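Place chain S on chain X using the hints.
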Amino acid sequence: MAFVEQLGILSVTPGMVAMWAIALTLLYLAIAKEHEPLLLLPIGFGILLANLPLTGLMTPEEGLLWRFYRYGVEWEVIPPLVFLGLGAHTDFGPLLSQPRLVFLGAAAQGGVYLTFFAAQAFGFSLEEAATIGIIGGADGPTTIFLAAQLAPHLLGACAVAAYSYMALAPIIQPPIMRLLTTEQERAIRMKKGRKVTAREKLLFPIAATLVIILLVPASAPLIGMFMLGNLFRESKVVERLAETAQDALMNIVTIFLGVSVGATMSADNFLRSDVIFIFVLGLVAFAVSTACGLVLAKLMNLVTSDKINPLVGAAGVSAVPMAARVVHKIGAEANKKNYLLMFAMGPNLAGVIGTVIAAGIFLSMLGG
Amino acid sequence: MAEDVLAPLAGKVLSVAVSVGDTVEEDDEVLVLEAMKMETVVYAPLDGEVTALAVKVGDQVEEDDTLATING
Numbered sequence: 535m536a537f538v539e540q541l542g543i544l545s546v547t548p549g550m551v552a553m554w555a556i557a558l559t560l561l562y563l564a565i566a567k568e569h570e571p572l573l574l575l576p577i578g579f580g581i582l583l584a585n586l587p588l589t590g591l592m593t594p595e596e597g598l599l600w601r602f603y604r605y606g607v608e609w610e611v612i613p614p615l616v617f618l619g620l621g622a623h624t625d626f627g628p629l630l631s632q633p634r635l636v637f638l639g640a641a642a643q644g645g646v647y648l649t650f651f652a653a654q655a656f657g658f659s660l661e662e663a664a665t666i667g668i669i670g671g672a673d674g675p676t677t678i679f680l681a682a683q684l685a686p687h688l689l690g691a692c693a694v695a696a697y698s699y700m701a702l703a704p705i706i707q708p709p710i711m712r713l714l715t716t717e718q719e720r721a722i723r724m725k726k727g728r729k730v731t732a733r734e735k736l737l738f739p740i741a742a743t744l745v746i747i748l749l750v751p752a753s754a755p756l757i758g759m760f761m762l763g764n765l766f767r768e769s770k771v772v773e774r775l776a777e778t779a780q781d782a783l784m785n786i787v788t789i790f791l792g793v794s795v796g797a798t799m800s801a802d803n804f805l806r807s808d809v810i811f812i813f814v815l816g817l818v819a820f821a822v823s824t825a826c827g828l829v830l831a832k833l834m835n836l837v838t839s840d841k842i843n844p845l846v847g848a849a850g851v852s853a854v855p856m857a858a859r860v861v862h863k864i865g866a867e868a869n870k871k872n873y874l875l876m877f878a879m880g881p882n883l884a885g886v887i888g889t890v891i892a893a894g895i896f897l898s899m900l901g902g
Numbered sequence: 005m006a007e008d009v010l011a012p013l014a015g016k017v018l019s020v021a022v023s024v025g026d027t028v029e030e031d032d033e034v035l036v037l038e039a040m041k042m043e044t045v046v047y048a049p050l051d052g053e054v055t056a057l058a059v060k061v062g063d064q065v066e067e068d069d070t071l072a073t074i075n076g
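Chains as they are written, first to last, in our numbering: chain X, 535 to 902; chain S, 5 to 76.
Extracted from the complex, chain X is given alone in its bound form (with noise of 0.2 Å):
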């Protein structure tokens, strides 16, 4: 009999299997249309195991993906080695060669805060209204690193609304930036930025690091890893560091995160009703930034004789490359010798330090 009552089959309830379905939908998503499948598939499977039965698996003290989740996520540890790989991946020269556009990056976090406000008004607390504001940056380690402190029983359904929304992109912002621009102003050829000089990218990330977390302390493990990778870059001297940051550690701590993001959405956690205004109210959170960055570059516009392509203001989301190529592919369409995408970088990469300058002001107001 013992042998019967430990079949998993016996225990398995309505809500696996409804999550099961959400699994596969993922694993499909990934391997089929090859949407983030290097996110997806993980974070699938993971939300496959965490639905089956009696296999322990997160289990506090003993379960495996409990132990993934608790030592890399609740620690605070995978989201900032994310960070650090990112910095080692990133070209700053853009942002350096325009920093007028960082205005752009900021204005585009408008959606964060004004969910923050709407998702109170819904009813949730103040811990999780600021999870699910800062899904408006589309930025998924930011938003498991700020879910993880303030509200873990929604980790799962933000991540997934923030990786979902940065593959969404190119289809959620384009309405927007042709609602709010026009066919003149899409058209807007943009003068070259002035060279950027190896000792600017070189000082950056040290200089960004001083004032970043003078300013914003809670924001120091994604900033501080951010920029570490960057110098790592920049420096030329550790280009095995920088080639391991960006290249193998990436894709270790990659397998580590998409595991754990998934085991966190057992049916319990996720089968909620206010799960589903959690893609609402992130969706909205994500098409006002784009609205904002447009608005404030046609703001700019009216104080500045050299135009900005207000579509520019759309890469002020932080979904870092798809925002750009989005603003380079409608900003072609208007004109096809429009070349946007290094001018969209910059707002882009401002909009990344951003929402994680957002998430680290909800931290130091709201975190315990």
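All the pointers check out, no bait thrown in.
List time: in silico SDA-like cross-link candidates among lysine to any residue, alpha-carbon distance up to 20 Å:
1) X:K863 / S:V45
2) X:K863 / S:V36
3) X:K863 / S:E38
4) X:K726 / S:A14
5) X:K871 / S:V17
6) X:K726 / S:V45
7) X:K871 / S:V45
8) X:K735 / S:E66
9) X:K770 / S:E66
10) S:K41 / X:N785
11) S:K41 / X:E867
12) X:K870 / S:V22
13) X:K870 / S:V45
14) X:K870 / S:E33
15) X:K726 / S:M40
16) X:K725 / S:D69
17) X:K726 / S:P49
18) X:K863 / S:M40
19) S:K41 / X:Q780
20) X:K871 / S:G52
21) S:K16 / X:A866
22) X:K770 / X:T743
23) X:K870 / S:E38
24) X:K726 / S:E66
25) X:K871 / S:K41
26) S:K41 / X:D781
27) X:K567 / S:M42
28) S:K41 / X:D625
29) X:K863 / S:T44
30) X:K729 / S:D68
No lab work stands behind these hints: they were computed from the structure.
Please read these numbers as outputs of a predicted model, since none were measured by experiment.
Structure of chain S alone, referenced to chain X:
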């Protein structure tokens, strides 16, 4: 008057649509660059004859590198 076709952004040459001696019209495709996993077409800045081609498929170019010269 000869005019250089400059790389609008850094990237890898994915394909070249013209050869030396070809006649092109303004806005004809000259070559395709790949930057950040996106294909970007570079167009002829004027009507004329391609007198020099500075790159081949697979080359990595920097922004403002000369890609070709067109004599119009």
